[in-house]
Amino acid sequence: MSQKPFEEIVAEHGPTVLRGCRAVLGPVDAEDAWSERFLAALSAYPRLRPNSNVEAWLVTIAHRKALDHVRAASRRPVVTDERPERPAKDSNPEGRESGLWEALEALPLEQRQTIAYHHLVGMPYLQVAQIVGGSQDAARRAAADGIATLRKTFSKGEPR
Amino acid sequence: MNERRSTTDEGDPFAALSTVDAEVDRRLHQRLVDAANAAGLLDVAYRTVDTPVGTLLLAATQKGLVRVAYASQDHDLVLEHLARDVSPRVLRAPARLDAVAREIEEYFAGRRRTFDVPLDLRLAHGFRRTVLSHLPEIGYGTTASYAAVAKASGHPKAVRAVGSACANNPLPVVVPCHRVVRSDGTIGQYVGGVEAKETLLTLEGAA
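Residue numbers (my numbering), protein chains in the order written: chain E, 335 to 494; chain H, 437 to 643.
What the hints contain is simulated information worked out from the structure, not anything from laboratory work. All clues given are correct.
Simulated coverage check for chain H against chain E, where a stretch passes if three residues somewhere in it have a Cβ under 8 Å from a Cβ of chain E:
no.: 1; region: 459–465
no.: 2; region: 471–480
no.: 3; region: 512–524
These figures come from a predicted structure and were not determined experimentally. We put the beta carbon where it would ideally sit given N, CA and C, even for glycine.
Chain H on its own, in the form it takes in the complex (with noise of 0.2 Å):
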């Protein structure tokens, strides 16, 4: 929490009153996540984890994980998002993302190859929705052209649509666009970046 202005100036009267410390911050927050949570009021939880691709924003309604993010899509932006487009009772509540943040751990220690976490696909909608249902069929380790994915998606002739389907993908890495390449071999554009994208490839072996 930030001190907005300070009020423990020695002369302060009411310093006494006026101190919250950390420890206080961090008792009353977990106070507060808990009750939402008891009260059906947590809409949205989040939290960050560390990866060899930067730190990734997990984010997660009451029916699954709704939400993965890239640093480079700016972190206040996404959560702005959510509040817009899911609810605006979001809070940092990394209790409800703890499985979820372990099989990403164990994803980039190679030691788990496909996510099997609840998610929630509210925020890709028609078309796109389609094509991000058809990407789990990529097996781990493999690509598929942004061509193939537009036929496995029932549109063979909207291979633009399956590139904007993948760029637009709310929940990178565990829906892997990563996959999706170019017909001629090379990589293609990524949301994290194509960096990314060629870290994602090499640790699955495919690249």
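Isolated chain E (complex conformation) (with noise of 0.2 Å):
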């Protein structure tokens, strides 16, 4: 049994791991993340056991990655001059103009992880748990608490 070309992994997976950084990690730094993704992906794919959940493989990539990201944003020292606080927000609709992403950033990590997964990648409860750690009735319960701050600090559209 062989793997198919990577060009079809990234056809594919693609678009939704973009959405699933884009809830993690906000527009901005999305498609770096993305990036780095892949890049990792394409590294580790020849390893890849035949017959495994590509999708979750590379969840699990990006969630590595993204607790990297995380981690080191917080301990990056703030020093504006002025960065704009969101760049060219007038022109992206990746859920700038929405303040969707505000909304989402507002949450703890782990409930915008597991919305993310579960809501924008798709993915079961039960591998949302296996990625971001816990179980998997944690898994649910942060996704429901974070879809109820959700639907108080976000009005536009009608949260699940």
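Both chains come to you apart, so use the hints to assemble them.
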């Protein structure tokens, strides 16, 4: 059993992973993170066991990288001469105008991640739990709490 | 990239984060290709080129051109075989194949008689590889019989093996197996179909 050309992996899973990245990291850092992750995935790809769940594998790689990213961001000194609060605010539809990312960003990381992996990537809670740690119930609760908060903080649209 | 499921319904609260338009897609793909190339991870780069004999798939390793395939050979299948036989690190990355594509366009425009891009013959083994290495000796606009090629390859009796080397040529057009014809003067078989063989030989003024 041989592996598909990596190009197919990018075509099949690229958009989904990008959605997850946006939800966890925000639209600005999402593309950097996506690029890093797919490069890391390309590097490891020949060693992936045949019949693996490619999406879970990609999200696992993405998750570890995201943690690094978030930790680095929290340590990064906030020296702003004026770093525009959100670059190119008017030119990009990716969650900026709607205020959705701001609402997500205000959530605890775990809630944001479980929402990203379950609601945006579409993984079942069991898998989400395997990636973020903790039980399936805890993952379900974290996502539900997050969605409940979003309902209050994010008025546009009707979060499920 | 394909949308696997619709997350852009009106009622979807995450629609704003879900849109991945063609521009974003193109930009991210290019970034990945550039980073892979810089990291030495782009094991197989490919692109297609449109020609009078149909769309050709071109694929190259870091060493050189490794595969040319006719549409009739099923490009998706050819890419799967490259993933199996060379490396699964396969990406659509036209830049590495710019020089090859240009030479092929020049060839079909009648402005080029030989190809001088680096070749990677790793998909041909043993006697088949020996045969392929002798094919460029058959000059543009001329033909040679399977028997003559067998002789040049050091095994005069291996006429059938020459036929199968040509039938399995991983680099048709560039390694000119189309110039090998039957001893009775008829055109013989071709990996891209007899019609393509006729087109190439007519282009070269050999038929």
